[in-house]
Amino acid sequence: MGFWNSKKKAKGSETPEAFGNEHLAQAPQSIGQDSANEVYKVDYKDQYAMGSESAGYFKPDAMMAPAKNAVAASRLAQGMGWCDLIAETHFATHDVKNMRGEKQKGVHGAVSKAASGEAMKSPVFDTHLPDYTGSGSDGITIKGGNAYELSGFEMNSDLDLS
Numbered sequence: 166m167g168f169w170n171s172k173k174k175a176k177g178s179e180t181p182e183a184f185g186n187e188h189l190a191q192a193p194q195s196i197g198q199d200s201a202n203e204v205y206k207v208d209y210k211d212q213y214a215m216g217s218e219s220a221g222y223f224k225p226d227a228m229m230a231p232a233k234n235a236v237a238a239s240r241l242a243q244g245m246g247w248c249d250l251i252a253e254t255h256f257a258t259h260d261v262k263n264m265r266g267e268k269q270k271g272v273h274g275a276v277s278k279a280a281s282g283e284a285m286k287s288p289v290f291d292t293h294l295p296d297y298t299g300s301g302s303d304g305i306t307i308k309g310g311n312a313y314e315l316s317g318f319e320m321n322s323d324l325d326l327s
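Residue numbers (my numbering): 166 to 327.
Honestly, I wouldn't trust all of these hints.
[Said to hold, decoys possible] Between beta-carbon pairs, the in silico distance windows are: (1) LEU241 - LYS262: 29 to 35 Å; (2) ASP208 - ALA230: 30 to 36 Å; (3) GLY266 - GLU314: 23 to 29 Å; (4) LEU294 - LYS210: 41 to 47 Å; (5) LYS210 - ASP296: 45 to 51 Å; (6) LYS233 - GLN269: 18 to 24 Å; (7) GLY244 - HIS293: 45 to 51 Å; (8) GLN212 - GLU314: 23 to 29 Å; (9) ASN186 - MET285: 29 to 35 Å; (10) MET228 - GLN194: 23 to 29 Å.
Quick caveat, the hints were computed from the structure, so don't treat them as lab data. Every residue, glycine too, gets a C-beta built ideally from N, C-alpha and C.
Given these sequences and hints, build the entire structure.
See the structure below:
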């Protein structure tokens, strides 16, 4: 038995070795570029759910963040019982439309479900932008009518790493 077959699956669940367009319930939606590669939210048909979750996050393969590293880390974590630390991740190939609206067919990458644990760090938005006139949909946070951009990250002090 491999890592993925060692845990109990939901009734009727058929988590594939690699996900493709035929497993999707709807087209991937671009949700941003806050990492080494663009991220797409995907929704799979119920019978292809990862565990009990049909939603996932697809990241195209990239030099800075190869899919094989994400899948390998996930398989190691699953085998060591660290499922709440590193998300379950599989290889995937999907047709996507990037943030510029360009369609790309057969993009290889990895798809992950959200890890069930706590975030190790949280974004900090405390750089005030007094002349900002946007809507906040460009990575800027609006609080109390004022705009703030990402200043950095802070570690979650409540996280138990023991």
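Hint check results:
1. LEU241 - LYS262: 29 to 35 Å: 33 Å, holds
2. ASP208 - ALA230: 30 to 36 Å: Since ASP208 and ALA230 have Cβ atoms about 22 Å apart, the given range 30 to 36 Å is violated.
3. GLY266 - GLU314: 23 to 29 Å: Once the Cβ atoms are compared, 25 Å apart, the range 23 to 29 Å for GLU314 and GLY266 holds.
4. LEU294 - LYS210: 41 to 47 Å: 42 Å, holds
5. LYS210 - ASP296: 45 to 51 Å: 47 Å, holds
6. LYS233 - GLN269: 18 to 24 Å: 20 Å, holds
7. GLY244 - HIS293: 45 to 51 Å: 46 Å, holds
8. GLN212 - GLU314: 23 to 29 Å: Check failed, 42 Å falls outside 23 to 29 Å.
9. ASN186 - MET285: 29 to 35 Å: 33 Å, holds
10. MET228 - GLN194: 23 to 29 Å: The hint (23 to 29 Å, Cβ to Cβ) holds, given that MET228 and GLN194 are roughly 24 Å apart.
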